[in-house]
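So the sequences go chain by chain: H and E. Numbered per my numbering, the first sequence spans residues 1 to 338. Numbered per my numbering, the second sequence spans residues 339 to 642.
In case anyone wonders, no lab produced these hints; they're calculated from the structure. Incorrect hints may have been included.
Using C-beta positions, here's what the derived DEER-type ranges look like [what the hints assert, rightly or not]:
hint: 1; chain 1: E; residue 1: ILE362; chain 2: H; residue 2: PRO266; range: 37 to 47 Å
hint: 2; chain 1: E; residue 1: LEU624; chain 2: H; residue 2: ALA88; range: 55 to 65 Å
hint: 3; chain 1: E; residue 1: ASP499; chain 2: H; residue 2: LEU22; range: 44 to 54 Å
hint: 4; chain 1: E; residue 1: MET458; chain 2: H; residue 2: PRO30; range: 24 to 34 Å
hint: 5; chain 1: E; residue 1: ASP499; chain 2: H; residue 2: GLN95; range: 51 to 61 Å
hint: 6; chain 1: H; residue 1: HIS160; chain 2: E; residue 2: MET458; range: 25 to 35 Å
hint: 7; chain 1: E; residue 1: GLY460; chain 2: H; residue 2: PHE211; range: 51 to 61 Å
hint: 8; chain 1: H; residue 1: ARG99; chain 2: E; residue 2: LEU484; range: 50 to 60 Å
hint: 9; chain 1: H; residue 1: ASN23; chain 2: E; residue 2: MET458; range: 23 to 33 Å
hint: 10; chain 1: H; residue 1: VAL25; chain 2: E; residue 2: GLY460; range: 18 to 28 Å
hint: 11; chain 1: E; residue 1: GLY460; chain 2: H; residue 2: GLU156; range: 53 to 63 Å
hint: 12; chain 1: H; residue 1: ARG28; chain 2: E; residue 2: ILE620; range: 51 to 61 Å
hint: 13; chain 1: H; residue 1: ILE26; chain 2: E; residue 2: LEU624; range: 48 to 58 Å
Distance condition first, Cα-Cα at most 25 Å in a straight line; then the derived DSS-like pairs of lysine-lysine [as the list claims (entries may be wrong)]:
hint: 14; chain 1: H; residue 1: LYS35; chain 2: H; residue 2: LYS247
hint: 15; chain 1: E; residue 1: LYS544; chain 2: E; residue 2: LYS532
hint: 16; chain 1: H; residue 1: LYS35; chain 2: H; residue 2: LYS19
hint: 17; chain 1: H; residue 1: LYS19; chain 2: E; residue 2: LYS532
hint: 18; chain 1: H; residue 1: LYS98; chain 2: E; residue 2: LYS544
hint: 19; chain 1: H; residue 1: LYS140; chain 2: H; residue 2: LYS98
hint: 20; chain 1: E; residue 1: LYS390; chain 2: E; residue 2: LYS408
hint: 21; chain 1: E; residue 1: LYS408; chain 2: H; residue 2: LYS35
hint: 22; chain 1: H; residue 1: LYS157; chain 2: H; residue 2: LYS140
hint: 23; chain 1: H; residue 1: LYS311; chain 2: H; residue 2: LYS247
hint: 24; chain 1: H; residue 1: LYS205; chain 2: H; residue 2: LYS247
hint: 25; chain 1: H; residue 1: LYS329; chain 2: H; residue 2: LYS247
hint: 26; chain 1: H; residue 1: LYS205; chain 2: H; residue 2: LYS140
hint: 27; chain 1: H; residue 1: LYS311; chain 2: H; residue 2: LYS329
hint: 28; chain 1: H; residue 1: LYS139; chain 2: H; residue 2: LYS205
hint: 29; chain 1: H; residue 1: LYS306; chain 2: H; residue 2: LYS329
hint: 30; chain 1: E; residue 1: LYS544; chain 2: H; residue 2: LYS140
hint: 31; chain 1: H; residue 1: LYS139; chain 2: H; residue 2: LYS157
hint: 32; chain 1: H; residue 1: LYS98; chain 2: H; residue 2: LYS87
hint: 33; chain 1: H; residue 1: LYS329; chain 2: H; residue 2: LYS35
hint: 34; chain 1: E; residue 1: LYS356; chain 2: H; residue 2: LYS157
hint: 35; chain 1: H; residue 1: LYS157; chain 2: E; residue 2: LYS532
hint: 36; chain 1: E; residue 1: LYS544; chain 2: H; residue 2: LYS87
hint: 37; chain 1: E; residue 1: LYS532; chain 2: H; residue 2: LYS98
To spell it out: a stretch of chain H is covered by chain E in this simulated footprint if at least three of its residues, at any positions, have a beta carbon under 8 Å from a beta carbon of chain E; those stretches are [said to hold, decoys possible]:
hint: 38; stretch: 66-80
hint: 39; stretch: 103-111
hint: 40; stretch: 123-133
Cβ atoms here follow ideal geometry from the backbone N, Cα and C, with glycine treated the same way.
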Amino acid sequence: MSNVLLEVRDVAREFDVSKPWLNRVIERQPRTILKAVDGVSFTINRGETLSLVGESGCGKSTIARVVCGLYAPSRGSVIFDGVDMAKASTSEQQQLRKRFQMIFQDPYASLNPRWRVGRIIAEPIVAHGLMSDQNEIRKKVDQLLLQVGLSPQDQEKFPHEFSGGQRQRISIARALSSNPEFLVCDEPTSALDVSVQAQILNLMKDLQREFGLTYLFISHNLAVVSHISTRVGVMYLGRLVEIADTKRIFQQPLHPYTQMLQSAIPDLKMTGKQRTPVAGEVPNPLNPPSGCTFHPRCPHANDRCKAEAPKMIEHPLGGAVACHAVEEKRIVPIKLAA
Amino acid sequence: MNDTIKRALDSDLWYSFKRHPLVITAAILSLICIFGALLAPIIAPHNPFDLKTLNLLDAFTPPAWTENGKLTYVLGTDDQGRDVLSTIMYGSRVSLLVGICAVALSMVIGITLGLISGYMGGAVDAFIMRVADIQLSFPAILIALLIDGVARVIIGKDGHDQVAIYVLIFAIAASGWVQYARTVRGSTLVERNKEYVQAARVIGRKPLIIMFSHVLPNVMGPVLVLATLHVGSAIITEATLSFLGVGVPPTQPSLGTLIRIGNDFLFSGEWWITVFPGLMLIVLVLSINIIGDWLRDALNPKLR
Numbered sequence: 001m002s003n004v005l006l007e008v009r010d011v012a013r014e015f016d017v018s019k020p021w022l023n024r025v026i027e028r029q030p031r032t033i034l035k036a037v038d039g040v041s042f043t044i045n046r047g048e049t050l051s052l053v054g055e056s057g058c059g060k061s062t063i064a065r066v067v068c069g070l071y072a073p074s075r076g077s078v079i080f081d082g083v084d085m086a087k088a089s090t091s092e093q094q095q096l097r098k099r100f101q102m103i104f105q106d107p108y109a110s111l112n113p114r115w116r117v118g119r120i121i122a123e124p125i126v127a128h129g130l131m132s133d134q135n136e137i138r139k140k141v142d143q144l145l146l147q148v149g150l151s152p153q154d155q156e157k158f159p160h161e162f163s164g165g166q167r168q169r170i171s172i173a174r175a176l177s178s179n180p181e182f183l184v185c186d187e188p189t190s191a192l193d194v195s196v197q198a199q200i201l202n203l204m205k206d207l208q209r210e211f212g213l214t215y216l217f218i219s220h221n222l223a224v225v226s227h228i229s230t231r232v233g234v235m236y237l238g239r240l241v242e243i244a245d246t247k248r249i250f251q252q253p254l255h256p257y258t259q260m261l262q263s264a265i266p267d268l269k270m271t272g273k274q275r276t277p278v279a280g281e282v283p284n285p286l287n288p289p290s291g292c293t294f295h296p297r298c299p300h301a302n303d304r305c306k307a308e309a310p311k312m313i314e315h316p317l318g319g320a321v322a323c324h325a326v327e328e329k330r331i332v333p334i335k336l337a338a
Numbered sequence: 339m340n341d342t343i344k345r346a347l348d349s350d351l352w353y354s355f356k357r358h359p360l361v362i363t364a365a366i367l368s369l370i371c372i373f374g375a376l377l378a379p380i381i382a383p384h385n386p387f388d389l390k391t392l393n394l395l396d397a398f399t400p401p402a403w404t405e406n407g408k409l410t411y412v413l414g415t416d417d418q419g420r421d422v423l424s425t426i427m428y429g430s431r432v433s434l435l436v437g438i439c440a441v442a443l444s445m446v447i448g449i450t451l452g453l454i455s456g457y458m459g460g461a462v463d464a465f466i467m468r469v470a471d472i473q474l475s476f477p478a479i480l481i482a483l484l485i486d487g488v489a490r491v492i493i494g495k496d497g498h499d500q501v502a503i504y505v506l507i508f509a510i511a512a513s514g515w516v517q518y519a520r521t522v523r524g525s526t527l528v529e530r531n532k533e534y535v536q537a538a539r540v541i542g543r544k545p546l547i548i549m550f551s552h553v554l555p556n557v558m559g560p561v562l563v564l565a566t567l568h569v570g571s572a573i574i575t576e577a578t579l580s581f582l583g584v585g586v587p588p589t590q591p592s593l594g595t596l597i598r599i600g601n602d603f604l605f606s607g608e609w610w611i612t613v614f615p616g617l618m619l620i621v622l623v624l625s626i627n628i629i630g631d632w633l634r635d636a637l638n639p640k641l642r
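Here chain H stands alone, though its shape is the one from the complex (with noise of 0.2 Å):
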């Protein structure tokens, strides 16, 4: 059994965003297509949490849900456990689906309302058949309810009685009701409000530990981000600019936009260190900047940033960076306190 729960290749995904057919027509134009994601490839290993950030718009959720197969990819493959999801048959994949559980961005969206708590969390077992007896499906959802922190009692009420937090609460003991050995995470605190994130992001923590979960964790929060991860990897525009183990990201930001978005994090210290101020917008995603994606924001862009995209490359330190700048030594790695 290789160490590998999830492998991404190369995938891309893209959406038609062409006004109606009868518009293009008359007005002449030609198709719009967005580029969501444009060839992105990771592995995550069995037990560790690998987080992906960046701006908004830059791809994360588009990633979240082509691993959950909410969107087919437009190229490329998701590998779960060494099986291919799309040439998966049917059967396999309702196998396959037992094994992985995605928790939702906004808690207020993602539980039915008219559903109570009770149904809510057995939906898994139901749909996978995985118990028949109600009085087993009721043990269980009072045992996850007890695990998530709420109390039995809880299966009664509707999803309405209950705060933001305890509603994602709920969410994760949805998500950990068929067993599964994968969550996707997409942006499960972004909703809620600083205490109560952190509380959140800790049950994450315990319930890795204790049922030895792998997470894909999406994320904007730098801090969230180095608080639950192994792994993270940063995405710029569709693509993975750089992916590197927790300590190096934060420590060795090699680049330039990782830099610029460690500098943007608030510091309490206000130790006064220098600052790469985040400059310019993200471009349009419907006309993405020839070369690398990044270089009309980039202090270190010469021709042949405007000219080549640059590609993965493994670095000395760890991790892998796509920046010709790196790649050039251009760029010397800083070292950042931590």
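Please arrange chain E on chain H, whose structure you already have, making use of the hints.
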């Protein structure tokens, strides 16, 4: 576990019900109408369709409290000496039956097509919605007339009287489903992008299960209100069709038929023949609408 859920739901509804006197009044009125209709053969003072008991000398008796009224005919009699109160009770049987069955049938058709249309999208959606558009470009009465005409040709005149009610129900349902389909499709388009539907997809539920057990309960609110209003309009459509001679046979008049019969005598002063069935219709439809409105609020967990 099912029982406890039912009990809890009952008690929530009951609590809300007790706090709305208008709804209580409406419920009592519609219960009186419905029981009056259901129990007509037992409690009606006369049997207006038993020709032996009819006396033409009693024709045009005014209501009991007027000068020439008789106590046996509380609400007066019509041109053939039939007791108006009894005809109303028998008539509302037919009206309610046609109204409720037609609404139920068009709900089933409309909700199913609306859910499929909204959830599947694409070509299926386009096809169903174009059919709905075509359907809407014909007046409901015309469709009902057409269906009735076809049924007459196929079944023949003699058989037709026996199946007239079913043809009528089908005809009204066939013109009513579009509203449900459109309402449900609109709400489904909103619901299908919500994360709880995506969660169900990740769990691996089949599209039909997602449609009926996840999406449907969340789109039922507007449908319920629509359905109650539709019971009223279905009863009225039925009356119109009866007026045009394609409705229920005259041997089993509905409320609409009674209003139409009475209409002929309105200007000669026999107002009671048409006014009382009309009042009955108003009371019935109004109380059903009030109940539907309250149900919408009471069943919405967010407003509870």
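| query | Looking back at the numbered hints, which does the structure fail to meet, lowest number first? | reply | Hints 1, 7, 11, 14, 21, 33 are the ones this structure does not satisfy, whereas the remaining hints hold.
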